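Please build the complete structure, drawing on both the sequences and the hints.
Top line first, the protein sequences correspond to chains P and F. Each residue of the first sequence is one higher than the one before, counting from 1426 in our numbering. Each residue of the second sequence is one higher than the one before, counting from -15 in our numbering.
Hints are supplied without guarantee of correctness; some may be wrong.
To be verified - Think about it this way: if two alpha-carbon atoms lie no more than 25 Å apart in a straight line, the pair counts; the simulated DSS-like pairs of lysine-lysine are:
#1 P:Lys1510 with P:Lys1443
#2 F:Lys6 with F:Lys(-7)
#3 F:Lys(-9) with F:Lys6
#4 F:Lys80 with F:Lys6
#5 P:Lys1443 with P:Lys1533
#6 F:Lys(-9) with F:Lys80
#7 F:Lys80 with P:Lys1443
#8 F:Lys35 with F:Lys6
#9 F:Lys71 with P:Lys1510
#10 F:Lys80 with F:Lys35
#11 P:Lys1443 with F:Lys35
#12 P:Lys1533 with F:Lys35
#13 F:Lys(-7) with P:Lys1510
#14 P:Lys1510 with F:Lys6
#15 F:Lys35 with F:Lys71
#16 F:Lys80 with F:Lys(-7)
#17 P:Lys1510 with F:Lys(-9)
FYI, nobody ran anything at the bench for these hints, they're computed from the structure. Predicted, not measured: the structure shown is a model, and the values here were computed from it.
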Amino acid sequence: MTQVIEPTISAAVIALAKSLDLMAFISAIPEEMPYEIPAEAVHVSIAFRRDTAGTLHIIAPVDLPRAVLGNVLAGGDPAACSPAKLDDAMKEIANIACGQMLRSIGGKYLLDLPTCSHVYADFAWKTFLEDDQTAVVNAEGIQVLVRVTL
Amino acid sequence: MDIAGVKAKEMYEAGDGEQALKVLHEHPVDLVLADLHMPVVSGTELVRRMKADPDLNPIPVLVVSADPDTEHLENLQAHSVNGYLRKPFTPEELLKALQPIFGELA
Chain P
1426 MTQVIEPTIS
1436 AAVIALAKSL
1446 DLMAFISAIP
1456 EEMPYEIPAE
1466 AVHVSIAFRR
1476 DTAGTLHIIA
1486 PVDLPRAVLG
1496 NVLAGGDPAA
1506 CSPAKLDDAM
1516 KEIANIACGQ
1526 MLRSIGGKYL
1536 LDLPTCSHVY
1546 ADFAWKTFLE
1556 DDQTAVVNAE
1566 GIQVLVRVTL
Chain F
-15 MDIAGVKAKE
-5 MYEAGDGEQA
5 LKVLHEHPVD
15 LVLADLHMPV
25 VSGTELVRRM
35 KADPDLNPIP
45 VLVVSADPDT
55 EHLENLQAHS
65 VNGYLRKPFT
75 PEELLKALQP
85 IFGELA
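The following block contains the structure:
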């Protein structure tokens, strides 16, 4: 019988760092709490299923998709990008990071489509931050919250 | 538009498979780069509809996906698409996937 390895927050952090590097040459390193709660942030989540079911969540200020697009566009103006483009960039980050995370632990998985929403100060930050499957990553000065729920 | 060092004259974007079919009927293209996971009409369904349409059937298709296993991508390739790329991919990997379709490009 094959043992199923469940995705952990460490695998998620490594996968996110690798994805940001490969996608947009952004270096990201784990950061100790505290996390500075932004007034507005983008919350993207992507569910996976088959060997194990769960969801990868990434929450970041809009500076993150802007930085990704800025590097990908190579000279283009990320400030001119529509909110839809910025949301698409966040979904792409989640899609790629989730694929990387699951690939790193092996097994068979199917990914759902990522979903994106804008969250505000009244978001349930406390629940997120108290969960031991939550981590903070510093992506060139931008704090990014990563969480895995199973 | 520069893609992996290759000059593309025009590039059209579509947010989902349905939009992609609309674009393909409005503009002649030399290549479709389709994500496997798209809302409304998925990449798999887009390829199926393209292959069933005599006007769109000849257009080469490269499928991209972040899926951790490549089983279904390989099945797709066996049936209808010209290649697949696992996201994230480098410009060199894209060029390599384009070469069997267009020959040496850069």
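Just to be careful, I want the Cα atoms of Lys1510 of chain P and Lys6 of chain F compared with a cutoff of 25 Å; is the pair within it? holds (20 Å)
Holds or violated: Lys35 of chain F to Lys71 of chain F, with C-alpha atoms at most 25 Å apart: Holds, at about 24 Å.
When you check the alpha-carbon spacing of Lys1443 of chain P and Lys1533 of chain P, does it fall within 25 Å? Judged against 25 Å, a Cα distance of about 21 Å means the pair holds.
Lys6 of chain F paired with Lys(-7) of chain F [C-alpha distance capped at 25 Å]: holds (19 Å)
Can you confirm whether the C-alpha distance between Lys80 of chain F and Lys1443 of chain P stays at or below 25 Å? holds (22 Å)
Is Lys(-9) of chain F within 25 Å of Lys80 of chain F, Cα to Cα? holds (15 Å)
With a cut-off of 25 Å on the C-alpha distance, tell me whether Lys1533 of chain P and Lys35 of chain F pass. violated (28 Å)
Need the status of pair Lys(-9) of chain F, Lys6 of chain F: alpha-carbon distance at most 25 Å? holds (24 Å)
Do the alpha carbons of Lys80 of chain F and Lys6 of chain F lie within 25 Å of each other, as the hint requires? violated (28 Å)
Lys71 of chain F paired with Lys1510 of chain P [C-alpha distance capped at 25 Å]: holds (18 Å)
Has the given pair, Lys1443 of chain P with Lys35 of chain F, been kept, meaning a C-alpha gap of at most 25 Å? violated (36 Å)
Hint consistency between Lys1510 of chain P and Lys1443 of chain P [alpha-carbon to alpha-carbon, up to 25 Å]: holds (22 Å)
Hint violations for this structure: numbers 4, 11 and 12, all remaining hints satisfied.
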